[in-house]
Each structure stands twice: as structure tokens, then as C-alpha cells.
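Below, each chain spelled out in residue letters.
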Amino acid sequence: MENPENLYPVDEELQKFIDYRKRSGTIWRGVFLMSLFVAILVLIVLMLNIINDAFGLVALENEVDPHSLVTGYQENTMVSMPNTFASTNHAALAAVIQQNETGIGFVGHAHYQTNADDLRLIAVDGQFPTAETVADGSYPFARPLYIYTALDTLQSEPAVAGYFRFYLENANNSGGELGYFLADETLMADQINLIDTLAGGPQALDSLGGNLALSGSSSLYPLSRQMLLDFRQAGFGGDISIEQIGSEAGIEAFCRGDIQVLNASRPMTVAEAATCQRNRVNPVEIAVGLDALAIVSHPSLDFLESVSLKEMGQIFAAMNYWDEIDPSYPVEPIVRAVPGEGSGSLELLSGSMFSTIGLENLSGAAYAEIIRENLGRGRGRALERDQRFLAEGFIFDSQTAFNGACASAEPPTGCAQPARDRDNLLDLIEQEIIVPQIQQTWPLYDSIFNRQAIVAEASRKYPDAIVEFKSWLNPDFLVNPQSSEAELAGVRTAIWGTVMVVATTFLFSFPVGVGAAIYLEEYADSTKWYNKIIQTNISNLAGVPSIIYGMLGLTVFVRLLLPLTSGEMFGRVAEGTDPSGRTVISAGLTLGLLILPIIIINAQEALRAVPNSMRRAGMGLGATKWQTTWSHVLPAALPGILTGTILAMSRAVGETAPLIVVGASTVIRTDPTFFSRFTVLPIQIFQWTSRPQPEFQNLAAAAIIVLLLILLTLNASAVILRNRYSTSS
Amino acid sequence: MSDSNDSTNIAVQAKDVSVYYGDFRAVKNINLDVARNKITAFIGPSGCGKSTLLRAFNRMNDLIPISRMDGEIVYRGKNLYDADVDPVEVRRRIGMVFQKPNPFPKSIYENIAWGARINGYKGNMDELVEESLRSAAIWDEVKDKLDQSGLSLSGGQQQRLCIARTVAVKPEIILMDEPCSALDPIATLKIEELMRQLQEQYTIIIVTHNMQQAARSSDYTAFLNMDTTDRSGYMVEFSETSAMFTNPQNQQTEEYITGRFG
Amino acid sequence: MINSPVHDIDLTEDVALSLRKKTKWHETLIQGALVACGILSVFTTIGIVVILLNESISFFTREVFEITNKSIATDIGPADTTFETTASGSTLVVGQIVRVDDELMEVLAVDGLSLTVERGIQGTEVSFHTADEEIEKSVRVPFREVFTGSRWQPRLQQFGMWPLILSTLMISVISMIVALPLGLASAIYLSEYASNRTRSIVKPILEVLAGIPTVVYGYFALTFMTPFLERAFFGDNIQVFNTLSAGIVVGVLIIPLVSSMSEDALHAVPQSLRNASYGLGATKLETALRVVLPAALSGVTAAFVVAISRAIGETMVVAVAAGAGPRNFEWSQVFTNYGETPLNPLQSAETMTGHIVRISGGDLSYNSIDYNSIFAIGLVLFLITLTLNIISRRIVERFREVYD
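First to last, the protein sequences are chains R, P and F. Residue numbers for the first sequence follow our numbering, beginning at 453 and rising by one. Residue numbers for the second sequence follow our numbering, beginning at 45 and rising by one. Residue numbers for the third sequence follow our numbering, beginning at 493 and rising by one.
Careful: at least some of the hints might be erroneous.
What the hints assert, rightly or not - The list that follows gives simulated cross-link-like pairs (lysine to aspartate or glutamate, EDC-like), each with its CA atoms no further than 20 Å apart:
1) R/Lys474 / P/Asp130
2) P/Lys144 / P/Asp130
3) R/Lys468 / P/Asp130
4) P/Lys189 / P/Glu171
5) R/Lys1077 / F/Glu519
Unchecked claim - Cβ pair distances, simulated, as ranges:
6) P/Ala226 / F/Leu781: 45 to 55 Å
7) F/Leu781 / P/Asn254: 35 to 45 Å
8) F/Glu889 / P/Glu116: 43 to 53 Å
Worth flagging that the hints you see were computed from the coordinates, not collected in a lab. Here a beta-carbon is modelled for each residue, glycine too, at the ideal position from N, C-alpha and C.
Hey, can you work out the whole structure from these sequences and the hints?
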């Protein structure tokens, strides 16, 4: 025999060999650990991904700005107050105030200047309109003034270009005298350059052909008129004319192409500019100065020195007599002169005067008024039939038409219901008028670390949108029903659906599953072929793909047992409607069959764990098998059975595929009953995930969090149950 | 006692060995010299820590996470518990046969070859298998069915297969943990004969609670007992087997080997 | 047992009577109810088999009408049994069922362009037909085509199931590539390396992973995995819906299953085998890979088989992330241009389960060809998964005997 030592590695070779084995041991250990880590990593990434999508910045664009509804409502109120004179013509306003001893109102500062002897200027919060207070913004009713023309006009009519250039050069000379506040000199110079670039350099005034026709704002009227007169004085030979129709009407006409040069006391909105563009009117905007609205009264109202914005609200939009404002004031009616509807002045006024009033501060009556003003007639009528807006009277409908509808075979729901309350009206305004629309959403990570970039991007892409942080998971999300508007959609109906489907599942599968387990463990002779078949069959069923159960449910519950599952048997189908078996009951029974094997297997294990001595003790006392099982074995096994059942239920809560096959509906807006069509959380998640719009992915993420929380609760209760009873027994 | 001065005749030495499981000290303060090419038996009542002590010799206790050891096991002048000693190589040098036969669920051939292969054996594998099976006195019984599963053999054959498997990696010392406790008397006898043969090449340490077996087949015997106060095992007496069984020095030993307790 | 003192009741008279076996209705009734509960599960299976078979049979025996591009040449009244047809279109043969408007006719004789028919068969109403009305001929769903064809569009008389089967296999393969190594490796770590503490932390995490609804994994595939693959590897080459992402996520979803079943098998290997291995001087790795794993091989194999079955039956991930619409192909493309077949993991393809979900999620009318067809797919799916599950249990049963 050879020396055995030599056939194994020795000395250095042995050392190398051992090192090699150790090293590969370490490497593989690392490989195994990494594999395990991957599983944990996935769980973490999955959770982070969901959280990342469930919270974050959104760019929200309202179809209508909620504040404009407030100001619009307040403007209406103001204009329709008693003893109120409204006009877009400031000279007329000034005249009304001069003629009434208790008169108060607003005129452009220029108009006040011309009538300064007959009018008394009142301070707002202690501030009079001066160059300083207007420039630094401490006087609230100030705004820039603009003249507009179309680019085509500017380039093809030298008279317009000439007039614009003249305006910019001279407005600051005449403006001050007329009561305007001067525009920045460099701005004016820049704008002259702009005109030169667009229309070519200056030309001699007397050589300019054509006429000039101005229209629009009354506030700018005195200045533009003065400029026209000076222009003619300086040598312009054409005809000149100027009208005052208010800024809004002016802009509208301008965008139709009906006005050559527009005076405006506010800038065009984005929407208006878009309208212009559509009509191939390419507006050129030139700022010519600043105007302030002066609040003035008849000289005899000397008790008013200064008013606050709040007092102004009372004076112009609430009270009718001076003594209602302050008891020391005279018992005289308030006579008001306010800028007419559609003027930039009124908008400026209401924007500042009511800036502190939010939509939520208004009364129910105000909401009804806003609905009247902003909602289409057809839609309004339909909504009014669903539920009335007013306790007395109608906004869109008429009493006779409504009574007629109520007397018909299928009366609308509004006949039996009380009128909508304030909250309901507010919701309606949000859904029907404001219609918040999400333009874009950003995930949480970017929202935190790239906030600036996002805000910049959003203000470029959606200038009218608000960028705000949104938690997609919020109380509204939990209580709102499903909706096609991402902003308004919620999971209430889906949660109810899940609760009811799972309740049905439990009621069916728990007794049957436990019964089968008792049979197999306590009664059945497991050597008999038929019991073996049952046992084998149960474990086979546990491996059948869940979608197959869906097909079973579709055929058996939805189609064969239609009278039962549609509720027809119980008279639960409204006459004239088609009964559908695609109900909560069908879904619950299908899931019941699906989790039955799981419940049976778990319950069998729990029963098997009950010591035999307990059975013998019962039998020894002369109890029958069932008595023993019922009063000894079952109570001992119950915690185990319940734990298993809860885990099976959590499987049912998360199941999706079989319910799609059974026929879950995706859009369910009313809370389900057992015989109604249904949706459940996983279905909702599936549906939202499948939508292409990114905001629905956010909704899906939020719904996933709700679903996971429900599952977590279920599992935690199973663990608690298991721990409590396994330690005590 | 043993000829401790002649270090060439000592295969392995235990110096003040204590083994702990968590806070519990299973054996304490064992000092023991194991003579080369002799059979040393550990006897003692159940729970006295003789298996624990045995496993300390090839660091099998390392596999029990809560175990800990004090003292030294000196093999070839090296403490096996030094930080630079690799337990894997220790176990190759000091092989082990377990209480219950535990062949791998592989063929008889593979049962022998596997250990050799992982330890880098370079010779002819067929020869090694035959040689090992022969030295475990099982060759004649299995030579025609080397490709059958090791589990198909009887208990005694399985145990001899396990011994053959251990022998194949050429250890210097073989630890046997009650190798016959699961076997019938005939199989036991065969294993005892085998031990006598193996003794020529290997040093054997055997744990047994069968006193006749110790008396019949070992050269030296250590008697361990449990300390009644702290329940740790300690060594009562260690001497040549013939001396211990004819003339025990300690009263406990005498009581134990005459069967008055244990 | 020591009885309590006998009460002074005279037992003698009634004892014989009371010991006689009685039928206890109450007990029998309860037992009957329990048996019924047990049998319900058998009925579930029978129900599944019956409805799948039944609808599949309707699918295969169903008459679908195909346009012949041939129409009647002259007006025919209710009494006419012979009429002329246009020359265009496919030829009709004797015995063929044809449909004109809603009336079914059987062709009795063909003479050039003139047809002799039996009118109003199968209870359809005999009516007047004007010239130029289209003649449709009935065809059966060809059994052979279903299992060999490569285009699945039942409404267009294309019945090859392979586009669905192939993409199902594709996703299963991808998921197995992910799940088997990772699941097995983590099982080895948990069983052979991990301390009890690690195990007590990691196992619940795996349970949580296993308990997450599959639709959530679908969401994960669509909103994380696909964009990730796109950014990290494939750029524009990968479609929004693709089988790769779905397959990977299905694999992830199956990891806990593979891991826990494999770990059970590894754990069941007796400690004595590990000791024997260590006693021979084996390292931990050698013990784990070359002793424990081979000993647990059947259990691990069973885990793998169950995992495959699970992957094939998985629905929501593929319904969300793999794509809607079967990827029809030509067999020749498999070798020449496989990029256009379901074998391309970067493109969308619909699996069997995905197809069932999409069809049944839409507006589905009973008795339509689509309705029947999803049951035929369901039957194939059921048979595949059932076979795999039975195989797996057989393997496990054999494996149990070894160490008992």
C-alpha cells in the first residue's frame, strides 16, 4: 500500500486547497445572502414605488377660478343693490355723485381730477391715491392701463404706428395733469423701440394717411382722447373718433377685429388672447400709464374720512342706510355709483374689495345664485330634478314642469327629497362649474428634490394652473364614490363592495369549510376510497388557477342561479329592468369556492392539533360524537380555525381575476347592496392602473395603500389571535 | 496512569477542558492524554457529558451555535482551538462515527468516495473505495452492489459503511459516539472486532454506556460522572481499562461498574 | 374509572332497552350535513370540469358562418328550392349548411351555378330573399388548427391557440429564470446559514411578499419594472407592455413560494447527515450543496413544479403589464424573424389568462364565439396546471417515504 498521506494534499498544497474551499464557501454564502436580499429589496422597492406615486405635486387647473365666482357674485350683488347707479361711463358716475347728497361711488382718478371741486376724495385704509401709494401698491385700487392694436394694423396703417409712438412719447406729459399716474420712463422707451421694430422708424405726422378710431375702457378715455387731440394738433390730418364701452366689451369687439385701437384698463386674459389668435387678430399690448380708482362722495358726506375694505364691502354690497354702517352716521339711504358690468374698473374693485372672501365663506343663497349664473340651462334642469336647489321656487325649472315630471310614471328623485343643503351646493359648484382638472402629476421623490424645476416647468406649460402638494390618499378619497374625474374619484363604493363581497364569502365558506374539515378529521375513515378522493380533490383544488374559479362562478352563479343571485327570487329586481346575475352575491360565492380548500386545509390542521385525550374524555362520559366535537374539540380548535380563516379571507380581499370574469363593474357610483352590481378595491386598482392618464396611476397607488392597510389589519389580527391562544393553551 | 512523559505516544491531549452550552457548563476541567494506536473509552451515566467531551476533540461542538469551550485540545503540539486552526481540516484528521448510522442517500461507492473527493484525494478512487471497505470489513458483503443506495444496507452494515467512509479520508484519530447503541448484539460484535483491527493504524476514542463493551474492547477507560451540585460532568477516574475494571480507585467508579447506579 | 355512588334508580328494567342501538336522527342529520360539506368540494371540481368541457364542446362543435363572396342571383320565394348563384366566391358542396339572411339551408345538389337546397332547416324561418343577398357557409372550429395554428382571432375564423400558449410559456420561462435560482438560494441561506434570529425576521417578510395581491404586482410591473428596464437597458426597444417585465415580476411574486417550499424540504433533511458530512471534513458549502440539497432534491423539485404551475396560472400581472391582444405570427417567423413572434420578450403579447380576463372584462354576450373560446382556453389551462400539481404531489409523496 502506498503512503496514504501522499494521496491527499499536504503542506503548502493543503493550505492552498483549504484556502480555495474556504474562499468558494464565502463567495457562495454571499450569493445566497444576496438572493435573499433581493426578495427583501423588492418588497422595499414595491412599497417605495407605491408611496412615491401616492403623494406628490400636481398642476391643477380649474375650468373656472373659484375666486372669480366669488367676485362675479359680489359684482352682481353690488350692481343690483337699491339706489345704485352702474355705468361704464365715469363722467356719468361722477355726475350721479355730485347730484346726490348721500352719494358715494368710484370714478377713475382722472375723472376725479376733472371734477375735484364737486367731489370729496375718501382714503382707503388711510391711503389716498398718490404717485407713491400707487407705485408701491399700498393703495389697493390701482392698475396699469393699456392700448392695443393688431399687429397687422400696426404694420399696415402708419397712422396707428404714429399715434402709438406719439402716445408713448407724450402720455407722461399730459397724463399727470389729467390725474393719471406716470409710467416708468424706461418702459416707455423700450416700447417705442418695440413699435419701431414692428412698424419701422418714425415718419412725419402730416404725411400719415388714414383715420384713427378708438374704443374701450372709460378709465383710459380722458388720456387717450387728450392724446388724439394733441396728435391732431401736432399735424395728423385724418379723422379721429373715440368711444367708451368698457374694457370687456372692448376686448371682445377687438378680438372680433371690429376695433382699430383698443383702450383697456386691464390686460387681456390668456383665454381672450387665445380667442384673438383664433380670429387671426394678433394683439400688440402697450402699457401707457397707471390709473387709480378713486372712491369719492358728495362733498356733504364729511363724516367719511377713510374707509376700510371691509366697510366698503358693507357700503357697496350689503347695507342700504348709512346708519347701518355706523349708528353715528345719518339715517339716510346710501346712493351708490359703481362702474358698470364688463368694465375693468369693476373687476379691479371687486377683486380687491372681496379678496379676503373665499368661496367657502358664502351663504347657500349665494351658491344658488352662482349656479344660476354659471351653469348651463339643460344641465341645471337635470340636476334640479335630481334634487332641488332651492327650498322655495326653482332656478332652471318651472313649478309646472316640475309638478308634471313628478306626476309621471317615473318621477325624478328630486320630488321626494328636500332641497340641497349648503354643502351639497358647494360640492355641485366644484364638480360642475369649477371642474378642477389635473394637468400633470409628479412623484413624491421629484416633488421633494426637484421642486423648483417642477414649479418652473408647470408655470411654463400651464400658466393658469396651481401647483400644489397633493396626498392622493386623503379623507375625500375614502368617502367619495368612483368618478371619471381623477380629482374627485374615491374608493367608498369599492370599499363597500369589498366588505360585502367578503362578508358573503365568509358566510358561505366558513360553515361549509369547517363542516368539511370536521367530517374529514372526526368522522371520515381516511382509508376509504371516497374519503381519499375528497382529500386529494381538496388539495388539487387549492392549485387551480383562480381565473378558472371565475369561469365556474360565471357559469354557475351568474347564469344558472340567476334568479337567486340577481335577487329576482326575492323580488329585488325593479320592474322593467333586466336582472343581472353579476352581483355581490355571485362574486362572494365565487370567492367562497375559491378559498374553500384553504379554509378546509387550515381547519383540518387545527382539528388535528387537538389532543386525542380530549375526544376520549368526551366519549368516555357517554357523549355522542357530535356532542364531543361540538363542545370539546371545536372550541379547542377554534383559534386555529379562525386564524386560518382570516388568512383565507385576506386572500379573498386581494383576488381580482375571478371577479373580472364574474363581471365586476368598473364604474359604480352608488353604495352596493347584495343584489346590485359591484366593484371591489382590487378591481378599482386594476381599472385605474389600466388607464393611460398618469393621474389614475396615482389613484391606483392610493387605493393600493388602502388595500394593503386592510390586509395588514386582517393579518395582524390573525397573528394576535394565534399568539394569544397558543400561549394560553 | 498513562505514559504522559512519552509525548510520541500521545495522540491528543485534553487540558483543563470545559464545554458550555449557553450558561450551562456541560463538562468541566477535563485533563486527559489519549494514547496513540490505542482505544480509549469514555464511560459514565447518561447526561454526564461524555459525548460532549468527545465532540470537543474534533470541534463538532462548533456546529451548535450556543456552545463555547475553555481549555485546550492539543494535537501534534497545536491547540486545536487556536484562532488560526481550521475546524474543517481538524475534522478530516480526527474523524467521527455517530451513534445512529447515517450514510448519505447516495450509492455505497459514492458514500466512500465523496469525503475523499472533497478533501482533494488524488489517487485511484476505485482502489480507495475497496481498501476502505475492506478495512471496515464490509467489502465482501457489498462488493457486488456498490451502486446501490447506502440506505439499503442493514443497520450494522450501514455503521460499518460509515466507518469505511471515515477511514477513507485517512484520519489519524477516529471518534466513535456510541457506535453500537442502535445495533443488535451480532452487529455490535462485528464492530468491536473491527475496532481491534483499526487500532493498528488509528487511534480510537469511543463513547459507550455499555460497560462490557468498554471492558472488552478498550485499552484505557475514562469514567465521567455528573456533579450533583452544578450538574456538570467531570472526570472521576482515568486509567488502563484492566486496572479500572479490576481495581477501581474511586468509590463512585466501583459503584458504577458494579451496576449500583447509572 | 371509579363510578360515583349509584343513584337509587331501578335500572334493571330499562338497561337492555337503553343499550340497544338506536338511530339518533339528530346525529345522522348533522353527519349528513358534514358529509355534504365535504362532497361540495368534489362537486366544485366536477363543476369546473363539466362547465369547461361543456363550453369547450360548444366551441368545437359550433357552427360559424364564413363569407363565401357568393350571393344569390335571383329573387327566391319561400317555395323555391332551386336557385342560381353568382359565379364569384368559393364553391359549395353537397351537405354544406349555408345561411342566407337568417335562414339556414342544406345543400342537396350542386349543378354548375344552380343550387338545390332544403329550406329552413334547424327550425329557422323560411322567408323571401332578394337577389344579391350574401350566401354564408358554415364551418366548424377545426380541432387541428386550434392546437397547431399560430393566429388567434376567433371572430375572424382564426383559431390557432399558439400565440396565447407561446406567450404564456415565455412568461413562465422568464419568471422561472428569476424565481428558481433566487428562491432556492434564499432557501439554502435560510435553512443552512441563517441564525434563528435572521430566520424569524426574514420569514415574515417573505410571507408579506406572498400575501400581497397580484394586482399590486401588476401595478409594480407597469409603473416600476418597465420604466426601469427601459431606462437601464433597452431604451426605445422595449414596449410599454412587454412580456419581459411581466415575467420578471411574476418571478418575484413566486420567489416566496419557491423559497418556503424548498426551505421546508431542506429543513426536513436530518441533522445526522449534516454531522456526517462535517465529520468527514466538509465545509458548510459542501455540506449544503452536495449533501443536504441532493437529499432534499425531490422536495425542491416539487416546489419548482408548483412554481411553474403558479406562473402559468398567474393572471393579473400579465393582464396589466404584458399587453392586450394576442401576438399572432407565422410559424416560419419563429426561425427567421422571431422578433415579431411572442418569443420576443420586449414586445407585448397576450397570455392565455390575460386573454380570458380581457375578453370576459369586456361586453361579453353568452353564446358568442368569444365566450365559448375562453372556456376552451380555460380547459387547456386547467389541464396543464392540474397535471403539474399532480406531478408535484407525487414527487413529494415519494420523498416522504425516504426518511420515515
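* Sort out whether P/Asp130 lies within 20 Å of R/Lys474, counting only the CA atoms. => holds (9 Å)
* To do: Decide if the proposed pair is consistent with the structure: R/Lys468 and P/Asp130, CA atoms, cutoff 20 Å inclusive.
  => holds (13 Å)
* Asked: Does 45 to 55 Å hold as the CB distance between P/Ala226 and F/Leu781, or does it fail?
  -> The hint (45 to 55 Å, Cβ to Cβ) is violated, given that P/Ala226 and F/Leu781 are roughly 28 Å apart.
* To do: Indicate whether the distance between the beta carbons of F/Glu889 and P/Glu116 respects the range 43 to 53 Å.
  => holds (51 Å)
* Does P/Lys144 pair with P/Asp130 here, judged by a C-alpha cut-off of 20 Å? -> Violated, at about 26 Å.
* Keeping to a limit of 20 Å between CA atoms, is the pair of R/Lys1077 and F/Glu519 held or broken? -> Judged against 20 Å, a Cα distance of about 8 Å means the pair holds.
* To do: Measure nothing beyond the straight line between the CA atoms of P/Lys189 and P/Glu171; if it is 20 Å or shorter, mark the hint as holding.
  => holds (16 Å)
* Evaluate the given range 35 to 45 Å for the C-beta pair formed by F/Leu781 and P/Asn254. => holds (38 Å)
When each numbered hint is compared with the structure, violations occur for hints 2, 6.
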